[in-house]
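Line by line, the protein sequences give chains S and W.
Here the first sequence stands for residues 1 to 416, numbered as in the working numbering.
Here the second sequence stands for residues 1 to 181, numbered as in the working numbering.
The set of hints was computed from the structure by calculation and includes no laboratory data.
Any given hint might turn out to be false.
[Unchecked claim] Covered stretches of chain W, as calculated for chain S (at least 3 residues, CB under 8 Å):
| # | segment |
| --- | --- |
| 1 | 26 to 33 |
| 2 | 72 to 80 |
| 3 | 105 to 118 |
| 4 | 125 to 132 |
Ideal placement from N, C-alpha and C gives every residue a C-beta, glycine not left out.
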Amino acid sequence: MGMTIIEKIIQDHTKEEVKPGKIVWMDLDIRSARDFGGPNVVKNYEKEYGDVPVADRKKTFFTFDLCVPPSSLKYADNQQICREFARGQRIEVFDVDRGIGSHILMEEGLARAVSTVVGTDSHLNILGAVGSFGQGMGDVDITFAFKTGKTWFEVPQTVKVLIKGSFSSPTTAKDLTLYILKKLGTKKAALKTVEFYGKAVRGLDLPGRITLCSMVTEMAGIIGFIPEYGDSLKTEIENLSGTKFSPDEADEDCFYSDTLEIDVSGLSPQVAVPFSPDNVQDVSELKGVKIDSGFIGSCTNGRTEDFALASQILKGKKIKEGVTLKVVPATKRVYKEILERGILEDLFRSGAIISNPGCSGCAEGHIGLTGKGEVQVSTGNRNFAGKQGKGKTYLASPAVVAASCLAGHITNPKDI
Amino acid sequence: MEKSFISGRIWVLLDQNKRLIEDIDTDQIYHNAFLHITEVSQMGQYALGNLEGWKDFSKKASPGDVLIAGRNFGAGSSRQHAVGCFISLKIGLIIAPSFGAIYFRNAVNSGFPVLRCQELDELVAKKAMETEDEIKVNFRSGEGLNVSRNTHFKAEPMSTVQYDIYEAGGLFNYGKRISKG
Ligand code: SF4
Numbered sequence: 001m002g003m004t005i006i007e008k009i010i011q012d013h014t015k016e017e018v019k020p021g022k023i024v025w026m027d028l029d030i031r032s033a034r035d036f037g038g039p040n041v042v043k044n045y046e047k048e049y050g051d052v053p054v055a056d057r058k059k060t061f062f063t064f065d066l067c068v069p070p071s072s073l074k075y076a077d078n079q080q081i082c083r084e085f086a087r088g089q090r091i092e093v094f095d096v097d098r099g100i101g102s103h104i105l106m107e108e109g110l111a112r113a114v115s116t117v118v119g120t121d122s123h124l125n126i127l128g129a130v131g132s133f134g135q136g137m138g139d140v141d142i143t144f145a146f147k148t149g150k151t152w153f154e155v156p157q158t159v160k161v162l163i164k165g166s167f168s169s170p171t172t173a174k175d176l177t178l179y180i181l182k183k184l185g186t187k188k189a190a191l192k193t194v195e196f197y198g199k200a201v202r203g204l205d206l207p208g209r210i211t212l213c214s215m216v217t218e219m220a221g222i223i224g225f226i227p228e229y230g231d232s233l234k235t236e237i238e239n240l241s242g243t244k245f246s247p248d249e250a251d252e253d254c255f256y257s258d259t260l261e262i263d264v265s266g267l268s269p270q271v272a273v274p275f276s277p278d279n280v281q282d283v284s285e286l287k288g289v290k291i292d293s294g295f296i297g298s299c300t301n302g303r304t305e306d307f308a309l310a311s312q313i314l315k316g317k318k319i320k321e322g323v324t325l326k327v328v329p330a331t332k333r334v335y336k337e338i339l340e341r342g343i344l345e346d347l348f349r350s351g352a353i354i355s356n357p358g359c360s361g362c363a364e365g366h367i368g369l370t371g372k373g374e375v376q377v378s379t380g381n382r383n384f385a386g387k388q389g390k391g392k393t394y395l396a397s398p399a400v401v402a403a404s405c406l407a408g409h410i411t412n413p414k415d416i
Numbered sequence: 001m002e003k004s005f006i007s008g009r010i011w012v013l014l015d016q017n018k019r020l021i022e023d024i025d026t027d028q029i030y031h032n033a034f035l036h037i038t039e040v041s042q043m044g045q046y047a048l049g050n051l052e053g054w055k056d057f058s059k060k061a062s063p064g065d066v067l068i069a070g071r072n073f074g075a076g077s078s079r080q081h082a083v084g085c086f087i088s089l090k091i092g093l094i095i096a097p098s099f100g101a102i103y104f105r106n107a108v109n110s111g112f113p114v115l116r117c118q119e120l121d122e123l124v125a126k127k128a129m130e131t132e133d134e135i136k137v138n139f140r141s142g143e144g145l146n147v148s149r150n151t152h153f154k155a156e157p158m159s160t161v162q163y164d165i166y167e168a169g170g171l172f173n174y175g176k177r178i179s180k181g
């Protein structure tokens, strides 16, 4: 019997026989901790292992992205706890200037195709976008991974999702992602790996793939892969990561626990309504919902292409009076790109607030939260009650956020 | 002590309609208002403290009791407290058709026994498994006996990895044991 992609990656990292449902010990190529979870990892580590060196310092990293630079004393302390541990162990820290950890791992060529990566980030499965098996875990797991370079993992079943039909602008990868989430909900892919096939996903560029793979977390899935890569995409990934890209493919005779089809022909922009990411409606059904603020950024939509799209809509226009738009690049590299390409200036002139790279705006504890009664439209991935403060968050594409900030209410970009 | 068996009195987590409660999330198991607590011994009093109909669980439960829950038990956040609160109460075992992925890992890593059993919904629906029943389960084979009714059921056995970590008393102890061996 052939193997699915996840089975191949795991098999590449264990001597045990790999099959769905079986728990195996696997070797980890990269283990990381953030400023959330990281301090607990340090605490556990020092308690259990004292100053014994980590298994391999070259494969171990800290990434600070949640509260950067820190706006609370607790985060300031926590980051310093990690820094001091890292100095003692000679572990590299991607510090508060660098941006979202998962994106840094891709940009640095650390999360490579067919690699295994764990960290204290529940969206680390975003790395499926570059063919890597990324997985978020708790601090006990990550402490053990620092020390041993290994973890146990239950080989998940794989479901095949065939995306039929195609769509065109102003519909984007985010709308596709929200629509898939609407169709799969939180049960159909729960605890499973998803392989997405079909023309609409094959055509996605890397940022679009990042968007789709990041939200497999909201589908309750283990990880998602988009196994069909064109030549231009391979080049795109190689340029970003600076390493050769040779991903795994599923065998023809592999076993899928389920095969599902989703038709996206003529899909229009989609919006997730509070307070659940899978509570998705067509933008037309929400037309006129008044907004107070917008947010473009997060690991889901924080790449240069996302800001380029927003600036196409905003350029030469002014954000509606009384509305604020927060723009946060995912990484320093993205920041540099939007600066050099003039995108940053266009966004600034339209009235946007531009912040330094990081997660900001995505969750409570970061800068850019919502107050009680505030209505926000965001490119993030979660809109649970209280997640970004007491306000209500609608999830949408950068194009819908930009258009809505011009109009002052939820708007289809084609109506601008 | 033989560690591959456990027997105990069960609590079946039913809702008002007498159905097994599904998707119990970590906030219902252990409310985020008490996350500052770091001593496991202090966590027990808050177990299920946010689950409608079960808020007094910590007062009713006795050491060695077994919890029977619906599918996707422990969905949601990665808080270790949601496992710690049951360790604190000395609950012997939790059985559910499925668990949240991170919850399951956290339980295994703490050396706390969790088992999956696909028959639960049916057993509960036909009243063949009710609160106060005494059950006995073998972790290695998955064989279950409802001692009160003298009926059998089958859970998924623990994998070797899960059993080894459980037997060692948690992931850290397990790791030290294998690195010495
Ligand atoms: S942007 Fe939000 S979801 Fe993404 S890694 Fe940061 S905190 Fe997590």
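Consistency of the hints with the structure:
Coverage of the segment 26 to 33 of chain W by chain S is violated in this model, with 0 residues showing a Cβ closer than 8 Å to a Cβ of that chain against a need of three. With 4 residues carrying a beta carbon less than 8 Å from a beta carbon of chain S, the segment 72 to 80 of chain W meets the three-residue requirement, and the given coverage holds. A count of 5 residues in the segment 105 to 118 of chain W with a Cβ less than 8 Å from any Cβ of chain S is obtained; the coverage claim is therefore met, three being the minimum. Restraint check on the segment 125 to 132 of chain W versus chain S: 0 residues with Cβ-Cβ distances below 8 Å, three needed, restraint violated.
Hint compliance for this structure: hints 1 and 4 are broken, all remaining hints hold.
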